[in-house]
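Engineer: Produce the complete structure using the sequences and hints provided.
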Amino acid sequence: MAIPKATSIVLAMVLTLAMVSLVAGTTGYATFYTPSYTPSACYGYQDMGTMIAAASDVFWNGGAACGDRYVVSCKGGTNEGVPHPCTGRSVTVQIVDLCPAGCQGTIDLSQDAFAIIADPDAGKVEIEYRRYVRRIILLASSRNIK
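With mature numbering (1 follows the signal peptide of the UniProt record, and there is no 0) as the guide, the letters of the sequence shown map in order to residues -25 to -1, 1 to 121.
One should not assume that every hint holds.
Claimed, not checked - Each pair of labels, with its calculated beta carbon distance range:
id, residue 1, residue 2, range
1, His59, Asn36, 27 to 35 Å
2, Asp22, Tyr107, 19 to 27 Å
3, Arg44, Asp96, 25 to 33 Å
4, Thr2, Glu55, 28 to 36 Å
5, Gly63, Gly37, 32 to 40 Å
6, Arg105, Gln79, 15 to 23 Å
7, Pro58, Gly24, 27 to 35 Å
8, Gln79, Pro58, 17 to 25 Å
9, Asp96, Gly42, 24 to 32 Å
Simulated from the structure, these hints should not be mistaken for lab results.
The C-beta atom is built at its ideal place from N, Cα and C for all residues, glycine as well.
Structural biologist: Now the structure itself:
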């Protein structure tokens, strides 16, 4: 039994849309910390690079956040000394540590990661962040459906 071409195209579109995440970000604050980035609460002395971050208690969840990736973008400054710190870029970081007691941010980015989204002279910026989820989208070609 053959599936009409129009039906197969609609089916492929519906499946594709079902796989796409339309998640809005959560707002918070980012600060940064400087090297050395080891040891970390998640990976000990293993070097995880510089696109990393420490999670605050907001989403640390007893260490369950270890390894999670977040896309972070700057939304505005928090101090008058650097009124327009944002670069207009975003950065994807991996959670490798817990932000220490007294942490002033929702997420404490590595210095390199912070510099991608904002002027480090700002020290602390307003951000939008969302968990990064890699999705594999399979799109059926209408030529393969009979």
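Engineer: Hints first: check each against the structure and report whether it holds.
Structural biologist: Now for the hints, and whether the structure bears them out:
no. : hint                       : verdict
1   : His59 - Asn36: 27 to 35 Å  : holds, 34 Å
2   : Asp22 - Tyr107: 19 to 27 Å : holds, 21 Å
3   : Arg44 - Asp96: 25 to 33 Å  : holds, 27 Å
4   : Thr2 - Glu55: 28 to 36 Å   : violated, 20 Å
5   : Gly63 - Gly37: 32 to 40 Å  : holds, 35 Å
6   : Arg105 - Gln79: 15 to 23 Å : holds, 21 Å
7   : Pro58 - Gly24: 27 to 35 Å  : holds, 31 Å
8   : Gln79 - Pro58: 17 to 25 Å  : holds, 19 Å
9   : Asp96 - Gly42: 24 to 32 Å  : holds, 31 Å
Taken one by one, the earlier hints fail for this structure only at number 4.
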